[in-house]
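A.B. asks: The listed protein sequences correspond, in order, to chains A and B. Sequence positions in the first sequence follow my numbering and run 1 to 340. Sequence positions in the second sequence follow my numbering and run 1 to 192.
You can trust all of the hints, since none of them are fake.
Taking lysine-lysine pairs in the DSS-like style, the calculated list, with each CA pair at most 30 Å apart, reads:
{"no.": "1", "chain 1": "B", "residue 1": "K17", "chain 2": "A", "residue 2": "K322"}
{"no.": "2", "chain 1": "B", "residue 1": "K182", "chain 2": "A", "residue 2": "K44"}
{"no.": "3", "chain 1": "A", "residue 1": "K44", "chain 2": "A", "residue 2": "K76"}
{"no.": "4", "chain 1": "A", "residue 1": "K44", "chain 2": "B", "residue 2": "K189"}
{"no.": "5", "chain 1": "B", "residue 1": "K12", "chain 2": "A", "residue 2": "K322"}
To be clear, the hints were calculated from the coordinates, so they are not data collected in a lab.
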Amino acid sequence: MFDLINMNPMLVTFLEVLLICVKVVVVSLILFMLPLPLTYMERKVAGHIQVRLGPFRTGPHGLLQPFADMIKLIFKEDVVPAKADQFLFKIAPIVAMVPVFTVYATVPFGESVTIPFINKELTLYISDMNVGILYVLGIAGLSVYGMILAGWASNSKYPMLGGLRSSAQMISYELALSLAAVGVVMMANSLSLVDIVRGQYDWHWNIIYQPVGFFIFLIAGIAEINRIPFDMPEDEGTLGAGYHAEYSAMRFAFFMLTEYVAMVTISTLGVIMFFGGWDGPSFLPGIVWFVLKVAAFIYFFMWARFTFPRYRFDQLMTIGWKILLPLALLNILITGLVII
Amino acid sequence: MSSNRKSDFSVKNILKKVLFIDLIQGLVVTFGYTFTKTITMRYPDEETWIPYQRFRGLHTLNRNKEGKELCVGCELCAKSCPTQCITVVPMEDKTGKGIADRVAARWEINLLRCMFCGLCEDACPTEALKLGRQYELAGKSMQRQLRSKEELLAPQAVPADFEGGVIVKARLERDEEGMIVKPDMSVQKRWW
Chain A
1 MFDLINMNPM
11 LVTFLEVLLI
21 CVKVVVVSLI
31 LFMLPLPLTY
41 MERKVAGHIQ
51 VRLGPFRTGP
61 HGLLQPFADM
71 IKLIFKEDVV
81 PAKADQFLFK
91 IAPIVAMVPV
101 FTVYATVPFG
111 ESVTIPFINK
121 ELTLYISDMN
131 VGILYVLGIA
141 GLSVYGMILA
151 GWASNSKYPM
161 LGGLRSSAQM
171 ISYELALSLA
181 AVGVVMMANS
191 LSLVDIVRGQ
201 YDWHWNIIYQ
211 PVGFFIFLIA
221 GIAEINRIPF
231 DMPEDEGTLG
241 AGYHAEYSAM
251 RFAFFMLTEY
261 VAMVTISTLG
271 VIMFFGGWDG
281 PSFLPGIVWF
291 VLKVAAFIYF
301 FMWARFTFPR
311 YRFDQLMTIG
321 WKILLPLALL
331 NILITGLVII
Chain B
1 MSSNRKSDFS
11 VKNILKKVLF
21 IDLIQGLVVT
31 FGYTFTKTIT
41 MRYPDEETWI
51 PYQRFRGLHT
61 LNRNKEGKEL
71 CVGCELCAKS
81 CPTQCITVVP
91 MEDKTGKGIA
101 DRVAARWEIN
111 LLRCMFCGLC
121 EDACPTEALK
131 LGRQYELAGK
141 SMQRQLRSKE
151 ELLAPQAVPA
161 DFEGGVIVKA
171 RLERDEEGMI
181 VKPDMSVQKR
191 WW
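Put together the whole structure using the sequences plus the hints.
C.D. replies: Below you can see the structure in the form of structure tokens.
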């Protein structure tokens with residue numbers, strides 16, 4: 001066994017950089033693979049809520065269905081409508097996809113672990129920014145540009161309406177979401193996601209101190225990731241498929257990927273901000289608690305999707321501006337008074 | 001829109017809205033359904049539906065208790081058939097004792113033309129002809145749809161006295177001619 005301290009400083013720097021690269025690759029790969037289990041889970045949840053079986057014929061219990069879908073999407077023809085804005089149409093899925101992946105640069109998955117053999121401490125996040133939560137909310141909001149561009153570039157009325165709706169929705173709900181997060185930031189006295197989790201150790205979870213903040217976060221979060229009951233941008237009942245109606249093959253898959261990763265992002269944020277991150281009874285490692293909590297959140301989003309009808313667009317705006325925003329401000333005020 | 005709606009400011013209603021009671025009730029309902037038995041019938045790989053006795057499927061020719069064909073070759077079925085898809089050629093059967101019996105030398109049905117109206121069944125004076133409960137009739141050749149007496153005399157998978165109206169375990173079998181779903185009558189279920 002050799003020790004890091006006695007090693008060449010060049011080598012140590014190299015190792016550090018290598019480690020970061022490996023972490024980036026691993027996180028990206030996991031995120032790219034996530035839609036496979038999530039689509040399967042979504043269809044199974046949908047099936048069982050509707051007293052059906054869900055996918056069942058491809059492989060045992062339909063387990064190979066996501067792979068079949070993936071292969072289908074890869075081999076389908078990539079159609080770009082003749083009257084679409086070619087450049088914007090092609091770039092929109094990427095614009096939507098990149099921000100949701102970038103968010104994971106600061107998301108922590110657990111306390112640091114020590115790698116055996118080289119005694120190197122490994123942090124389970126790519127970087128611990130001191131403005132972590134600001135960065136996450138800011139970057140995640142950029143993803144809406146992809147939807148607006150897709151809606152605009154398609155040169156078709158339903159995608160256009162979907163894109164407009166997504167921008168309007170984003171403006172109204174991003175505010176409430178951020179203000180809900182402010183309460184948590186006040187509790188932790190820090191913007192860093194790691195510090196926010198550390199402030200909640202030993203069951204001092206923010207859900208106990210910030211229940212109103214949590215509900216605002218949850219509702220605004222559902223609106224943010226465009227899921228029923230707030231899935232106005234891709235309202236399949238009235239807009240065909242909304243902003244991605246003209247997309248096919250892998251470009252469509254990129255939008256699906258964006259949507260699922262955004263759902264995981266909101267679930268992760270919810271767990272970090274309100275459910276103590278990786279804090280839990282010690283018989284399981286922290287990362288397992290973290291994954292379980294995120295999975296529970298995702299299940300809740302799917303469950304809600306197959307329970308509630310869709311809100312009308314004006315109702316959605318009313319909820320955002322007239323209820324959530326004042327409530328979030330009140331929550332901050334009360335939190336501030338209590339803390340002082 | 002909301003202005004002309006009468007607002008209800010009772011404590012009960014406000015509490016109901018603040019605590020999301022309606023939404024939670026909805027979630028509880030769907031969560032309950034998540035764990036109920038599904039009603040999906042996995043036809044044809046694993047399960048199949050056995051129709052009631054009134055069902056009119058593939059024709060079956062019956063025998064009496066001694067194993068003798070009940071058909072007397074009277075051709076009433078062929079005459080009553082609206083699409084004229086039944087061919088009956090009678091002959092004399094001299095194997096029996098005493099008087100010679102009239103039996104069918106050929107009894108053939110063209111399932112491509114048959115519309116399963118059941119008039120032949122009604123016309124039959126000896127209850128020899130009955131429309132059974134086999135309904136997977138797809139095949140790969142036209143010739144397959146001409147069913148002869150010998151094929152129809154063979155007992156069907158669902159016995160005539162079985163009540164039906166259930167789902168049973170089944171197995172899909174393919175051959176060069178087509179495919180058939182073999183029901184296993186021992187495992188039955190009703191989902192309602």
